[in-house]
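Trainee: The listed protein sequences correspond, in order, to chains G and H. For the first sequence, position 313 (counting from the first letter as 1) is numbered 313 according to the numbering used here, and the numbering increases by one without interruption. For the second sequence, position 177 (counting from the first letter as 1) is numbered 177 according to the numbering used here, and the numbering increases by one without interruption.
Honestly, I wouldn't trust all of these hints.
Stretch-level coverage of chain G by chain H, calculated; a stretch enters the list once three of its residues show a Cβ under 8 Å from a Cβ in chain H [what the hints assert, rightly or not]: (1) 14 to 26; (2) 67 to 73; (3) 142 to 155.
Worth flagging that the hints you see were computed from the coordinates, not collected in a lab. A virtual CB, placed ideally from N, CA and C, is assigned to each residue, including glycine.
There are 2 protein chains.
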Amino acid sequence: MSDAATTDLYEVTMALSYLRERMTQPATFSCFVRDLPPGRAFLVAAGLESALDFLAGFHVGAADIDTFAETLRRPAADLAPLRDLRFTGEVRAVPEGHVVLAGEPLLEITAPLPQAQLVETFVLNQLSHQTAIAAKCARCVIAARGRPVVDFSLRRTHGTAAGYQAARLGAMAGFAGTSNVAAARAEHLTAVGTMAHSYIEAFEDEAAAFTAFARSHPGPVTFLVDTYDTESGVAVAARVLRDLGRADGSAIRLDSGDLGALAVRARAVLDEAGLPGVRIVASGGLDEFALDDLTAAGAPIDVYAVGTRIGVSADAPYLDSAYKLVEYDGRPVMKLSSAKVTAPGRKQVFRRPGCADVIGLADEPPPADGVPLLETVMRDGVRTGPPGRLPDAARRLAADLAQLPETARSIRSPTPVRASFSGPLTDLAARVRHRIEHRARGAATPPGDSRRSAPQPPRHTP
Amino acid sequence: MSDAATTDLYEVTMALSYLRERMTQPATFSCFVRDLPPGRAFLVAAGLESALDFLAGFHVGAADIDTFAETLRRPAADLAPLRDLRFTGEVRAVPEGHVVLAGEPLLEITAPLPQAQLVETFVLNQLSHQTAIAAKCARCVIAARGRPVVDFSLRRTHGTAAGYQAARLGAMAGFAGTSNVAAARAEHLTAVGTMAHSYIEAFEDEAAAFTAFARSHPGPVTFLVDTYDTESGVAVAARVLRDLGRADGSAIRLDSGDLGALAVRARAVLDEAGLPGVRIVASGGLDEFALDDLTAAGAPIDVYAVGTRIGVSADAPYLDSAYKLVEYDGRPVMKLSSAKVTAPGRKQVFRRPGCADVIGLADEPPPADGVPLLETVMRDGVRTGPPGRLPDAARRLAADLAQLPETARSIRSPTPVRASFSGPLTDLAARVRHRIEHRARGAATPPGDSRRSAPQPPRHTP
Chain G
1 MSDAATTDLY EVTMALSYLR ERMTQPATFS CFVRDLPPGR AFLVAAGLES
51 ALDFLAGFHV GAADIDTFAE TLRRPAADLA PLRDLRFTGE VRAVPEGHVV
101 LAGEPLLEIT APLPQAQLVE TFVLNQLSHQ TAIAAKCARC VIAARGRPVV
151 DFSLRRTHGT AAGYQAARLG AMAGFAGTSN VAAARAEHLT AVGTMAHSYI
201 EAFEDEAAAF TAFARSHPGP VTFLVDTYDT ESGVAVAARV LRDLGRADGS
251 AIRLDSGDLG ALAVRARAVL DEAGLPGVRI VASGGLDEFA LDDLTAAGAP
301 IDVYAVGTRI GVSADAPYLD SAYKLVEYDG RPVMKLSSAK VTAPGRKQVF
351 RRPGCADVIG LADEPPPADG VPLLETVMRD GVRTGPPGRL PDAARRLAAD
401 LAQLPETARS IRSPTPVRAS FSGPLTDLAA RVRHRIEHRA RGAATPPGDS
451 RRSAPQPPRH TP
Chain H
1 MSDAATTDLY EVTMALSYLR ERMTQPATFS CFVRDLPPGR AFLVAAGLES
51 ALDFLAGFHV GAADIDTFAE TLRRPAADLA PLRDLRFTGE VRAVPEGHVV
101 LAGEPLLEIT APLPQAQLVE TFVLNQLSHQ TAIAAKCARC VIAARGRPVV
151 DFSLRRTHGT AAGYQAARLG AMAGFAGTSN VAAARAEHLT AVGTMAHSYI
201 EAFEDEAAAF TAFARSHPGP VTFLVDTYDT ESGVAVAARV LRDLGRADGS
251 AIRLDSGDLG ALAVRARAVL DEAGLPGVRI VASGGLDEFA LDDLTAAGAP
301 IDVYAVGTRI GVSADAPYLD SAYKLVEYDG RPVMKLSSAK VTAPGRKQVF
351 RRPGCADVIG LADEPPPADG VPLLETVMRD GVRTGPPGRL PDAARRLAAD
401 LAQLPETARS IRSPTPVRAS FSGPLTDLAA RVRHRIEHRA RGAATPPGDS
451 RRSAPQPPRH TP
């Protein structure tokens, strides 16, 4: 089964109807996050590369037609209009790694209406999930204040594909490594990890376990010291490292208890043993809040290993993302239902210094100090260039984080940066709202008349 | 790349060391959830089928050896001992769908130590993620009090594979359908869904959109009525359904606003239009808390569509799951580090009426009123029977939910059911703890002496 069937059923029913009605003119859909979750002051654009892979390979094949027919309980002949449909549209998008704000389009697709509709679910899934995790990872890097952060999340992400993405998105945010072997290989990341508690328990005691580990692994090693009693575990580790002459580049790992206090005691034990170069790795339920506390307290921790809470973005595991029709056949459209108003028209985001962004229309001139964020990344269903590279995304993110206001970078109760609407976008929203409301009152819109009204900008407007 | 590289690096380093030390005797690892997240009073065993698929196909091939060598920065020759390793062990597990409690093993693997270690990450990932989502789905079914619940989560799950699982786990919990086409086809579920707001907006007005939809889709239809103004949308839908004679089995969908109040008004409009048979579907940010409120208030909603918050288990997106060594080469082991004490030995869960479970040792006799939950599902690396069927899991879950105490079924502030430890397990834990603590004091364990001590049961013991 191709990815074309990885979709919500309504995309198929709508596409069929559009085709029957000959509604195949160009439609533009805009993908954005309406409101940020509590505790988030910015997001990080991510998911574009996998969305583009999906679009480039999109094809409704014979197996998909069978699937659609069976799930709709209709004869396969009814589905024939969808057969061999491919994606032939244009994609304009924010390259991965850029900081993005509420209401800013991450991506806009312009394609014949049935195509643009059919790809909604998959594209929204990729952008929404990855953008959420990337923002969480970026917060960890901010909280660590320069100390290395590594990813240990694979065991509790929502499936192993999500674990792969967590490793990749951590690297985008600047993580120094990942425990995820497959992701490390495929994305050229540094793989990290040495031993679990089970390893210690399988031996008669800690000294035997550490010694055996060093025997089979040349170079620096990291000994896990909290299986039984942390302080005595550190002492045993120090003795083994010294006796074997393996201290150079090696570390101990704390995985439970009061990590800050234990790190202080472990540091003292290591220093007294003449091993000031042996580093301390901390893990176990860490997230950006814990990292912030530990770094603020000056805990002598050299490496933070974050896992579960980052891999699932535990405090904000989803985003209020949307994929909304903003223009069809040259006509700007918008939705007015309560709390979900959308702004009409094809858009652009102009990044001004300090991320004081302006959301405008795609064809309006940029403000003097604004740089357009959305780039044309696909045309006629084909990528306009090679796939984006992870190191480039990492550089974009580092540069954007550096210009974010401190209040947005803060870990606790951060203040979201808010984009404003340009004059032309505000005017267009007013005109479209007027047209819809006028129509609702049962009258035909007088030509030109709608241009004079000036209703409020959409509620989601920051 | 095979699934063998979908693992944490430390599984590989540990396995290599075990092989070098000739530590290939049988080890038993137990997978369980230490403590339940706030707001959960029970879990639902899930993920076993995909874990068994992984174990049955586990094979360290040439590509995996290359991956291990590259990520460890060691010559491929060093990895040779792992080449062609397969899983040849035994798996005892709770069949999918059973209610499980904190501390109860979901699964126990007994295999040569390197094998049992290497499979940890993948197995833990599957059980942990799926068990979390299944419990969330079960809570929705309880809250809906008999009204149908359907799954709309695919667009915001953590990747599309997680979306597939959400659809499957919803069905396990008793959901009536899913929007997920691929999952519906593969798992023989009812696919549901008709139109999005974009569909309405692509037409000149709602009446044109509804009429066109009915034209291309015979049979019952569901019209989305909240694109502009909900009450007038309902009126338009009623008129189109009546004019076209398509009311039979059809519905309207509310997706925003105060769903309870809007449903009351929509019901009135439909009834006044002589359409008492047209049903009301509600969606938009729903979870078990909203369903509980709506059903308690008697909202005239006929079908609940839940999505994002269920697909990511938003209030509890991960579980405090563990995969712990409990026995090696016939020697029971346990971990004593703070807050993460584990109980030693191969175990069994005896289900007593009302889920008043007893966790005991695998070889002890069941209590008179207790039925063992863990079954042998794999032996010598081969499944002992055909894959578990989803309808069977659904039946198990329905039966177990029916015997859960009301206090555990309650949606707000439920009271967890707590399993107790059997006498033999309590005794074993005391003996092993004594052995470890005695060893830590530097003395050899006097034969037989350890059996007389009786320390507290492990902290996680419910």
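Trainee: Which of the listed hints are broken here?
Mentor: Violated hints: none; all satisfied.
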